[in-house]
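Undergrad: The residues making up each chain are set out below.
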Amino acid sequence: MAASPRPAAPDTKRVRLSPRAGRTLWLATLLVPPTVFFLVFEVIPMISALIYSFYRWEGIGRVGFAGFDNFRRVLFEQPFQGWTINAFWNNVIVFLTLMVVQNGLALFLAILLGGNPRGTRFYQVVFFLPVTLAFVLVGFQWKLFLNPIIGLVNQMLGAVGLGALAQPWLGQESTALFSIIFVNAWRWLGFPTIVFLAAIRSIPQDYFEAARLDGANEWHVARHVTWPLIAPAVTIIVILTFIGSFNWFDLPYVMAGLDGPPGRSTDVLALYFYRTAFGETAGALQDFGRGSALAVLLFLFVLVVAITWTRILRRREVELT
Amino acid sequence: MRWRRLSTVTLIQLLLIGNTVVILYPMMMMGLSAFKSTREIFRNPFGLPEVWSLANFVRVWEQTNFPLYFRNSVIVTAGSVALILVLGVMASYALARYEFRGNELLYLFFLAGIMMPLKLAVIPLFIQLRAMGLTNTHLGLMCIYAAEGLPAAVFILTGFLRTLPRDLENAARIDGASEFQILWSIMLPLVRPALVIVGIYNLVPVWNDFFFPLVFVQRESLKTLPLGLTVFMGQYATDWAVLYAGLTIAALPVIVLYVFLSRQFIAGLTAGAVKG
Numbered sequence: 000m001a002a003s004p005r006p007a008a009p010d011t012k013r014v015r016l017s018p019r020a021g022r023t024l025w026l027a028t029l030l031v032p033p034t035v036f037f038l039v040f041e042v043i044p045m046i047s048a049l050i051y052s053f054y055r056w057e058g059i060g061r062v063g064f065a066g067f068d069n070f071r072r073v074l075f076e077q078p079f080q081g082w083t084i085n086a087f088w089n090n091v092i093v094f095l096t097l098m099v100v101q102n103g104l105a106l107f108l109a110i111l112l113g114g115n116p117r118g119t120r121f122y123q124v125v126f127f128l129p130v131t132l133a134f135v136l137v138g139f140q141w142k143l144f145l146n147p148i149i150g151l152v153n154q155m156l157g158a159v160g161l162g163a164l165a166q167p168w169l170g171q172e173s174t175a176l177f178s179i180i181f182v183n184a185w186r187w188l189g190f191p192t193i194v195f196l197a198a199i200r201s202i203p204q205d206y207f208e209a210a211r212l213d214g215a216n217e218w219h220v221a222r223h224v225t226w227p228l229i230a231p232a233v234t235i236i237v238i239l240t241f242i243g244s245f246n247w248f249d250l251p252y253v254m255a256g257l258d259g260p261p262g263r264s265t266d267v268l269a270l271y272f273y274r275t276a277f278g279e280t281a282g283a284l285q286d287f288g289r290g291s292a293l294a295v296l297l298f299l300f301v302l303v304v305a306i307t308w309t310r311i312l313r314r315r316e317v318e319l320t
Numbered sequence: 000m001r002w003r004r005l006s007t008v009t010l011i012q013l014l015l016i017g018n019t020v021v022i023l024y025p026m027m028m029m030g031l032s033a034f035k036s037t038r039e040i041f042r043n044p045f046g047l048p049e050v051w052s053l054a055n056f057v058r059v060w061e062q063t064n065f066p067l068y069f070r071n072s073v074i075v076t077a078g079s080v081a082l083i084l085v086l087g088v089m090a091s092y093a094l095a096r097y098e099f100r101g102n103e104l105l106y107l108f109f110l111a112g113i114m115m116p117l118k119l120a121v122i123p124l125f126i127q128l129r130a131m132g133l134t135n136t137h138l139g140l141m142c143i144y145a146a147e148g149l150p151a152a153v154f155i156l157t158g159f160l161r162t163l164p165r166d167l168e169n170a171a172r173i174d175g176a177s178e179f180q181i182l183w184s185i186m187l188p189l190v191r192p193a194l195v196i197v198g199i200y201n202l203v204p205v206w207n208d209f210f211f212p213l214v215f216v217q218r219e220s221l222k223t224l225p226l227g228l229t230v231f232m233g234q235y236a237t238d239w240a241v242l243y244a245g246l247t248i249a250a251l252p253v254i255v256l257y258v259f260l261s262r263q264f265i266a267g268l269t270a271g272a273v274k275g
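Residue numbers (numbering that gives the first Met the number 0), protein chains in the order written: chain A, 0 to 320; chain B, 0 to 275.
Just so you know, the hints here were simulated from the structure itself, not pulled from any lab data. Don't take every hint at face value.
Derived Cβ-Cβ restraints for the label pairs, each shown as a range [stated by the list, open to error]: (1) T9/B <-> P147/A: 34 to 40 Å; (2) A77/B <-> G81/A: 40 to 46 Å; (3) Q80/A <-> F179/B: 56 to 62 Å; (4) Q217/B <-> L302/A: 27 to 33 Å; (5) L187/B <-> L38/A: 42 to 48 Å; (6) T162/B <-> M98/A: 47 to 53 Å; (7) A77/B <-> L16/A: 51 to 57 Å; (8) G58/A <-> G233/B: 24 to 30 Å; (9) Q62/B <-> M98/A: 42 to 48 Å; (10) V255/B <-> G81/A: 45 to 51 Å; (11) R262/B <-> I50/A: 42 to 48 Å.
Computed from a prediction, not measured in an experiment: that's the story for all the values here. We put the CB at the ideal spot given by N, CA and C, even for glycine.
Model the full assembly from the supplied sequences, consistent with the hints where possible.
TA: Okay, here's the thing in structure tokens:
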């Protein structure tokens, strides 16, 4: 132990610790605060979420044990069942569309950038820029652009003679969800692009050269060299997109609304969960019991699918290489 | 053959430039519109502003709660990141540099948190924070963000600390340095790159978070920027010039920071997805 630099410190009560006890004390000082903190604000709430789903609730008070009743109502009793299924399918649409539009385009851009064209560094920085912006901000920005009468998108269509294509993008069931998904893709595109690009860069250059010497064209190089060798990055992006799609909240909330308008066409599970827990904007149907049940179901679904799917994709990685 | 190669290069550049326009044009339009009047936005949506007037920005700054939202976001973000770094360093230093019974178990205990979406525990958190008097406080938000960020911080920092050579601390110990001095003046300077990664990894999501303030902050004076934006967008719904100015002001600090630190931002935000 280093002596205190202060000269006049009264040293009467200082306890001398044995090295062993000193070490234990030091380790406890390091470990106890983060562990307790983590218990209180993460572990206990997560466990409580499970316990709460088995109780009946009135407001913020527990009024009795409910068994699986909350789960039964959410999954099998109308109107809750209809809302659950509707929101679930919307999440599925979000996921599939993002996989094709956002991640497909990202892969294409990453392959282009992988050849190190002039300005690569600049393009990387630009493509990644929206990733740093809040979904709330981007959502409001595009909500203004998508305004049916005075929004930039429709005005632009009019300006280039495509005025017939102008739509009330967020105001009709056929386009609302896809418009919001497009904004998500615009905001998030840079992320998978950078992840794919990093994977492509880690492939030894000889592989590409060997393939090209053998007379493979760019499509074949992408299909038979790049694609198998970036399989781990693909796994990560698929799983992250899956988790992100099923936690989708900010964008539909600010661009459409808490009730998933028009006609619940933009309703997703996280919105539905929030609404169940903290009340609808129209008509206060609020229930912590059903809310907790939804949270548990959503958590289990995402966890089980993510783990199983990671296993399958990892096996595919091995087979491909 | 040469001609074909040249046209391929051109095609690639055209595609990349096209995507650049798709990304930058909306940002530019948002910024340009912020200088116009609402009437001009509708009459002349694509052109440059007739007069470069800062009036909209002044209005946003002086007549709305924007300065307040900013201050709140800075406080919450700085506090959360500080808390994550302090707690993260404490836990990961002990886990990475000392052998003791239960080390591996404790490490896994923290790591399990990476898979836990804390949002789904918002109902128990709500009841718990209410009981602790932490709803409608910045401290409450900081605690939640710190709990959310801790697992990844422990993961990144432990991995980094394990790579540092043993000789360093042994030499310092022989020289009579205390355990705290070894941590503070020898280890911490060496892990600075990892601290930056952990910092940015948490900084941006916390700054941008909307969900937890939505649930836990009702008092106007405590709202953070993303939550404040929803208030602001409702208040000025028809005054588009002011809306664009507000959105621009909200985006500007992050964009400026990003332009200067793009390398760190990209590395920090993709940490975990990109194997380095």
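Undergrad: Hint by hint, work out which the structure violates, then give me just those numbers in ascending order.
TA: 5, 6, 7
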